[in-house]
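Everything in the sequence shown is counted per this note's numbering, starting at 344 for the first residue and increasing by one.
Please note that a few of the clues may not be correct.
[Claimed, not checked] Simulated crosslink set (DMTMM-like; lysine to aspartate or glutamate; CA at most 25 Å straight-line): (1) 515 - 446; (2) 394 - 449; (3) 506 - 435; (4) 394 - 464; (5) 477 - 449; (6) 365 - 355; (7) 420 - 464; (8) 420 - 503; (9) 506 - 463; (10) 477 - 467; (11) 375 - 449; (12) 496 - 463; (13) 515 - 485; (14) 515 - 398; (15) 420 - 355; (16) 409 - 449; (17) 353 - 488; (18) 441 - 503; (19) 441 - 401; (20) 477 - 446; (21) 375 - 464; (22) 409 - 435; (23) 420 - 373; (24) 451 - 485; (25) 451 - 483; (26) 506 - 373; (27) 506 - 464; (28) 409 - 373; (29) 420 - 485; (30) 420 - 467; (31) 451 - 401; (32) 375 - 463; (33) 451 - 398; (34) 375 - 488; (35) 409 - 355; (36) 378 - 467; (37) 409 - 503; (38) 375 - 503; (39) 515 - 449.
Keep in mind that the hints were calculated from the coordinates and are not lab data.
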Amino acid sequence: SNGFNYLWAKSESKAITGTPDKQNVELKFERKAVKIVINIVSGTNNGITLKGWMESGDSAKITPPKVPSPNASNLCKMTLSTGVIAPATSVDADNPVKMTCGEVAENKATVSYIMLPLIDESNEPVPTVTLRVKVQNTGETEGGERTYTTQLKYPSGGFESGKQYTYTATLKANGITFTGATVTNWNPVTFENGEGNLTPTEPDNTDGNSGS
Numbered sequence: 344s345n346g347f348n349y350l351w352a353k354s355e356s357k358a359i360t361g362t363p364d365k366q367n368v369e370l371k372f373e374r375k376a377v378k379i380v381i382n383i384v385s386g387t388n389n390g391i392t393l394k395g396w397m398e399s400g401d402s403a404k405i406t407p408p409k410v411p412s413p414n415a416s417n418l419c420k421m422t423l424s425t426g427v428i429a430p431a432t433s434v435d436a437d438n439p440v441k442m443t444c445g446e447v448a449e450n451k452a453t454v455s456y457i458m459l460p461l462i463d464e465s466n467e468p469v470p471t472v473t474l475r476v477k478v479q480n481t482g483e484t485e486g487g488e489r490t491y492t493t494q495l496k497y498p499s500g501g502f503e504s505g506k507q508y509t510y511t512a513t514l515k516a517n518g519i520t521f522t523g524a525t526v527t528n529w530n531p532v533t534f535e536n537g538e539g540n541l542t543p544t545e546p547d548n549t550d551g552n553s554g555s
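Take these sequences, add in the hints, and give me the full structure.
So this is what it looks like as structure tokens:
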């Protein structure tokens, strides 16, 4: 499903000795979902200022990758032995979902969403994003509400597992302008202070019936 941060780890082979001591097995987790980040700005000298999110309704929505049903091709499922999630090939245009909205400060804000991988080179499917914000035009005493809708640009190679795609949305008086995505690796997760370590112990081989 979309909206979940899937973590996967594989432990290297490790011999467990027959001692009563705890023996740590380090697990280095990798992110297998996709993160979309949109930085929203008001632009420079374009006559409009971002003031806040719309109070009524959902402030930001996105059409997520579609999980087919029935799913004969096993799309959007993870192979546990490898951690690979078979990517979706289309978006669910009829069922937009909420994005996570950050606070508006200094005429800027950020929205984000975690989704399944989405790759189909023949169709180049892209999510549609809808932003509902309060803006103030030059010369106005109060801000008004405005809705912007746009499609994200399809990155080279599609929306790949473990990647973060960061877009910049510049609000203008007559519309919105999106940059292409900046692609970065979504950092692997390693628990600190041994919190992610497994500690297998040698089982007790005595059966309790060894008396004379």
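Hints, verified against the model:
1. 515 - 446: Measuring from Cα to Cα gives roughly 20 Å; hence the hint holds.
2. 394 - 449: holds (9 Å)
3. 506 - 435: holds (21 Å)
4. 394 - 464: Not OK: residue 394 and residue 464 at ~38 Å, beyond 25 Å, violated.
5. 477 - 449: Holds, because 14 Å separates the two Cα atoms, which is no more than 25 Å.
6. 365 - 355: Cα-Cα ~17 Å, so holds.
7. 420 - 464: Since the Cα atoms of residue 420 and residue 464 sit roughly 19 Å apart, the hinted pair holds (cutoff 25 Å).
8. 420 - 503: Cα-Cα ~14 Å, so holds.
9. 506 - 463: holds (16 Å)
10. 477 - 467: violated (32 Å)
11. 375 - 449: Roughly 33 Å separates the two Cα atoms, so the pair is violated.
12. 496 - 463: holds (14 Å)
13. 515 - 485: Between residue 515 and residue 485 the Cα gap is close to 17 Å, so the pair holds against 25 Å.
14. 515 - 398: This hinted pair holds, its Cα atoms lying about 21 Å apart.
15. 420 - 355: Given pair residue 420, residue 355 holds - Cα atoms ~23 Å apart, limit 25 Å.
16. 409 - 449: Given pair residue 409, residue 449 is violated - Cα atoms ~36 Å apart, limit 25 Å.
17. 353 - 488: violated (49 Å)
18. 441 - 503: Holds, at roughly 21 Å.
19. 441 - 401: Status holds; Cα separation ~7 Å.
20. 477 - 446: holds (13 Å)
21. 375 - 464: holds (20 Å)
22. 409 - 435: Given that 25 Å is the threshold and the Cα spacing comes to 5 Å, the pair holds.
23. 420 - 373: holds (16 Å)
24. 451 - 485: holds (18 Å)
25. 451 - 483: Holds, because 19 Å separates the two Cα atoms, which is no more than 25 Å.
26. 506 - 373: holds (11 Å)
27. 506 - 464: This hinted pair holds, its Cα atoms lying about 17 Å apart.
28. 409 - 373: holds (23 Å)
29. 420 - 485: Between residue 420 and residue 485 the Cα gap is close to 49 Å, so the pair fails against 25 Å, i.e. violated.
30. 420 - 467: It holds: about 20 Å lies between the C-alpha atoms, which stays within 25 Å.
31. 451 - 401: holds (18 Å)
32. 375 - 463: holds (18 Å)
33. 451 - 398: holds (17 Å)
34. 375 - 488: violated (37 Å)
35. 409 - 355: Answer violated: residue 409 to residue 355 is near 34 Å, above 25 Å.
36. 378 - 467: Status holds; Cα separation ~18 Å.
37. 409 - 503: holds (15 Å)
38. 375 - 503: Holds - the C-alpha atoms of residue 503 and residue 375 are around 9 Å apart, at most 25 Å.
39. 515 - 449: holds (16 Å)
Going through the hint list in order, the structure does not satisfy hints 4, 10, 11, 16, 17, 29, 34, 35.
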